[in-house]
Amino acid sequence: MDNLPLSGIKVLDLTLVLAGPTCGRTLAQYGAEVIKIDPDHRIPGLTPWIDVGRGKKSICLNITKKGGLKAFLKLAETADVIIEGFRKGVTDRLGIGYTELKKKNPKIVYASINCFGQSGPWSLRPGFEQNAQAATGIQVRNSGGISNSPRTATYTLNDYGTGLAAAYAVILALIERQKTGTGQHVEAALTYTSANLSGVFHTKQNTKNLPSKISRKYNVSHPKLHSRDYSQPGLKGTNIFNRLYETKNGWIFLSAPIRDQNMRHTASPMIHNWHLSEIPEFSHLGVVLYGGNKHNEDPEQEMLKIFLTQTTEYWINLLHKHGIEAVKNTSSEEIFNDEYNHERKMIMTQDYENWGTATWSGNPVSINSNEPINVSPPQFGEHTFNVLKDVGISENEIKNLIESGAIPAIVPINLK
Numbered sequence: 001m002d003n004l005p006l007s008g009i010k011v012l013d014l015t016l017v018l019a020g021p022t023c024g025r026t027l028a029q030y031g032a033e034v035i036k037i038d039p040d041h042r043i044p045g046l047t048p049w050i051d052v053g054r055g056k057k058s059i060c061l062n063i064t065k066k067g068g069l070k071a072f073l074k075l076a077e078t079a080d081v082i083i084e085g086f087r088k089g090v091t092d093r094l095g096i097g098y099t100e101l102k103k104k105n106p107k108i109v110y111a112s113i114n115c116f117g118q119s120g121p122w123s124l125r126p127g128f129e130q131n132a133q134a135a136t137g138i139q140v141r142n143s144g145g146i147s148n149s150p151r152t153a154t155y156t157l158n159d160y161g162t163g164l165a166a167a168y169a170v171i172l173a174l175i176e177r178q179k180t181g182t183g184q185h186v187e188a189a190l191t192y193t194s195a196n197l198s199g200v201f202h203t204k205q206n207t208k209n210l211p212s213k214i215s216r217k218y219n220v221s222h223p224k225l226h227s228r229d230y231s232q233p234g235l236k237g238t239n240i241f242n243r244l245y246e247t248k249n250g251w252i253f254l255s256a257p258i259r260d261q262n263m264r265h266t267a268s269p270m271i272h273n274w275h276l277s278e279i280p281e282f283s284h285l286g287v288v289l290y291g292g293n294k295h296n297e298d299p300e301q302e303m304l305k306i307f308l309t310q311t312t313e314y315w316i317n318l319l320h321k322h323g324i325e326a327v328k329n330t331s332s333e334e335i336f337n338d339e340y341n342h343e344r345k346m347i348m349t350q351d352y353e354n355w356g357t358a359t360w361s362g363n364p365v366s367i368n369s370n371e372p373i374n375v376s377p378p379q380f381g382e383h384t385f386n387v388l389k390d391v392g393i394s395e396n397e398i399k400n401l402i403e404s405g406a407i408p409a410i411v412p413i414n415l416k
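In terms of our numbering, the sequence shown opens at residue 1 and continues consecutively.
Each hint can be trusted.
Restricting the straight-line Cα-Cα distance to at most 20 Å, the calculated cross-link-like pairs of lysine to any residue (SDA-like) are: (1) K66 / L94; (2) K70 / T99; (3) K345 / G362; (4) K10 / T78; (5) K107 / G181; (6) K102 / A76; (7) K66 / P39; (8) K74 / N400; (9) K107 / L75; (10) K248 / Q301; (11) K345 / L4; (12) K104 / T182; (13) K88 / E187; (14) K236 / A153; (15) K57 / P408; (16) K10 / Q184; (17) K66 / G97; (18) K399 / G68; (19) K399 / T64.
Treat the hints as calculated values from the structure; they're not laboratory data.
Could you put together the complete structure from these sequences and hints?
See the structure below:
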């Protein structure tokens, strides 16, 4: 653990659900001591906690109680980072906001994570994954465009993405602290993440005044060859060279940019007199990208028919042979059972004493040969006694905290 980049950094994690806990887990995996401040209850065996609780310590402390607040402030004096996931203004009302804590610890890096950010009228609103999707156009795009009914994206891209973004912000603030000697308040929000991940859809370019030579160079005459109408992206892809295709026994995703040199020779029927000669199945498709479609075929319908004639395995092998990328469409169950994913540690399985056998996604980055920490999630309140004792809170004070309800009586604390 000492050889990991964040060793020696102490983090207090006040977050719930997925985004904030993902930030804490990420910091813990790379060496930080992350202390999860749990409320007075947690649902036993909660599956997301098995994922985002790994590598953390757990103490149970009710900071709405006077004694609990005092104990938390004692912890904050020795912390490097605090992560919170409340609506704007809640931490100030509780007496644990950044303005208050930096008086006691000017070096503190304070990360606020919520749905709508820390400014503007929406900052006071609660929000979760699906709220962020709705507010940033994802659910409209996920349905195939504005002419269809919106559909939720079932994966939690904004929760996990915001957690990673917050960890990134914390690390940047820690680096800056090395230069300035002081901490700062950083923020991340699900809607910020969602907008950022949707950047290509939110980016527009006006080419009206470009020189005609440049305009001609990038002109594509057939709309289905290189569609850029992101308001109507469709459910299968953005153009015929970047979309899903059904095969004889499944689906593949073809990803072959039309400006790619290999694509010009193999998958695009004709670009500047380059014909599709290497793959016989496509040889009859007479589409001209520059100068119009002389054969009047619908290239999308032709491609759909062609891919249905052979199996997924056939097309993957053939396209890869010609340097064109295509991937089999897989289910979660297939991902779990794929040896490649386990070898590359994209999927990890581990036996834990208190949690049984757990399977989860691996870490998105690796650093040199140092393996990120993947120890078991803690039991509820498991480290309460030791963590409080380490900051100078006596056994008698801990007894008083239990008696006052600041620490639930169910927390496993062995006092003399």
